[in-house]
Amino acid sequence: MAKQPIEAGSRTEQARVAPPELPLRGVQRRRHAGREGRARAARRRPGAERAGAAGGFGGGAACGLTHAAVTPLDVIKCNIQIDPAKYKSISSSFSIVLKEQGVRGFFRGWAPTFLGYSAQGAFKYGLYEVFKKEYTDMAGPEYAAKYKTLIYLAGSATAEVVADVALCPMEAVKVRVQTQPGYARGLRDGFPKIVRAEGYAGLFRGMVPLWGRQIPYTMMKFATYENIVEMAYKHLIPTPKEQCSKPLQLGVSFGSGYIAGVFCAAISHPADNLVSFLNNAKGATVGDAVKNLGLWGLFTRGLPLRIVMIGTLTGTQWVIYDSFKVMAGLPTTGGTPAVAPREEA
71 MAKQPIEAGS RTEQARVAPP ELPLRGVQRR RHAGREGRAR AARRRPGAER AGAAGGFGGG
131 AACGLTHAAV TPLDVIKCNI QIDPAKYKSI SSSFSIVLKE QGVRGFFRGW APTFLGYSAQ
191 GAFKYGLYEV FKKEYTDMAG PEYAAKYKTL IYLAGSATAE VVADVALCPM EAVKVRVQTQ
251 PGYARGLRDG FPKIVRAEGY AGLFRGMVPL WGRQIPYTMM KFATYENIVE MAYKHLIPTP
311 KEQCSKPLQL GVSFGSGYIA GVFCAAISHP ADNLVSFLNN AKGATVGDAV KNLGLWGLFT
371 RGLPLRIVMI GTLTGTQWVI YDSFKVMAGL PTTGGTPAVA PREEA
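Under this note's numbering, the first residue of the sequence shown carries the number 71, and numbering increases by one thereafter.
Treat the hints as calculated values from the structure; they're not laboratory data. Treat the hints with care, since some could be wrong.
[Claimed, not checked] Below, a list of computed lysine-lysine pairs in the DSSO-like style, where the Cα atoms sit at most 30 Å apart:
#1 K156 to K263
#2 K203 to K304
#3 K158 to K169
#4 K218 to K316
#5 K352 to K263
[Said to hold, decoys possible] Label pairs and their in silico Cβ distance ranges:
#6 Y213 to V173: 53 to 63 Å
#7 Q250 to K316: 38 to 48 Å
#8 Q313 to K352: 56 to 66 Å
#9 K216 to E312: 18 to 28 Å
#10 L318 to P211: 24 to 34 Å
#11 R266 to L318: 52 to 62 Å
#12 S161 to R266: 34 to 44 Å
Quick reminder that beta carbons are idealized off the backbone N, C-alpha and C, glycines included.
Between the sequences and the hints, there should be enough to build the whole structure, so can you do that?
Structure representation (structure tokens):
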């Protein structure tokens with residue numbers, strides 16, 4: 071049988087002409103991997119940057135405004151934690167603060183609260199969007215769908231580690247202004263007073279307990295919220311999320327956020343008591359706090375008020391945050407889990 075002529079440009083011709091590809095080794099492999107990594111990063115960077123920017127603005131507004139709005143509740147909570155002998159209940163605490171400090175006493179520490187939580191919220195929400203996308207890309211579609219809750223936990227924990235560094239100095243000022251009448255009028259004189267007495271290190275004395283409070287809190291906040299939203303759209307709302315009106319989506323954001331906030335308050339409350347105690351008592355240690363508060367007091371002192379406060383805070387934060395995302399042309403958070411690729415037959 072006569073041989074068929076080889077057409078120019080055919081696969082056979084390319085195989086005959088092109089030299090065989092040799093396996094990459096050593097430096098070549100590393101360079102190739104680096105180029106591939108940069109290419110993947112470039113492909114996903116616009117989406118991550120857009121989500122991160124919207125998250126930063128939305129998170130800063132959400133956390134700063136809501137925490138400043140509940141300053142009166144925070145004043146009562148901190149005083150109950152620090153001096154339970156004097157501040158025995160929520161109602162009596164309101165009466166004592168009003169009698170001794172007037173209406174202004176309920177708003178002590180609003181400035182460090184607003185600034186501290188604005189910075190913390192910007193880093194927390196903005197970096198969460200970035201890290202969640204990065205970890206999802208690293209895991210791949212199949213594992214991202216299978217282990218989505220682990221991705222939520224890892225992304226939120228990583229973001230919170232950074233966010234708390236911005237919060238810690240303002241938290242130190244806030245607690246002292248709120249629980250020590252006469253210590254300082256607010257941020258303007260409270261901040262330099264701590265620095266003069268203890269140096270800049272005094273602003274970060276509560277760093278480790280703050281991480282102990284905020285990291286579990288944020289992990290619970292984001293992972294629980296994402297899963298509750300997903301369940302809501304899957305089991306409670308018959309209409310697919312993308313077909314729901316924006317007001318309905320924001321309503322789901324608030325309800326899911328409030329429920330997540332209740333869990334957040336419970337899991338992070340012992341560390342919240344430690345933060346309040348350490349920032350109020352100069353030179354105190356964690357051991358001193360546990361001894362003074364007792365194990366039961368560590369877990370329960372001020373908890374009912376904090377559940378109400380954190381539930382409301384968290385629900386409102388998600389509404390504000392998702393509103394910023396909607397204005398930026400992005401979908402609201404949650405409700406659209408990654409789908410694992412189907413295996414080809």
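Against the structure, the hints:
| no. | hint | in the structure |
| --- | --- | --- |
| 1 | K156 to K263 | 26 Å, holds |
| 2 | K203 to K304 | 22 Å, holds |
| 3 | K158 to K169 | 15 Å, holds |
| 4 | K218 to K316 | 25 Å, holds |
| 5 | K352 to K263 | 13 Å, holds |
| 6 | Y213 to V173: 53 to 63 Å | 55 Å, holds |
| 7 | Q250 to K316: 38 to 48 Å | 45 Å, holds |
| 8 | Q313 to K352: 56 to 66 Å | 58 Å, holds |
| 9 | K216 to E312: 18 to 28 Å | 23 Å, holds |
| 10 | L318 to P211: 24 to 34 Å | 28 Å, holds |
| 11 | R266 to L318: 52 to 62 Å | 53 Å, holds |
| 12 | S161 to R266: 34 to 44 Å | 38 Å, holds |
Checked against the numbered hints above, the structure violates none of them.
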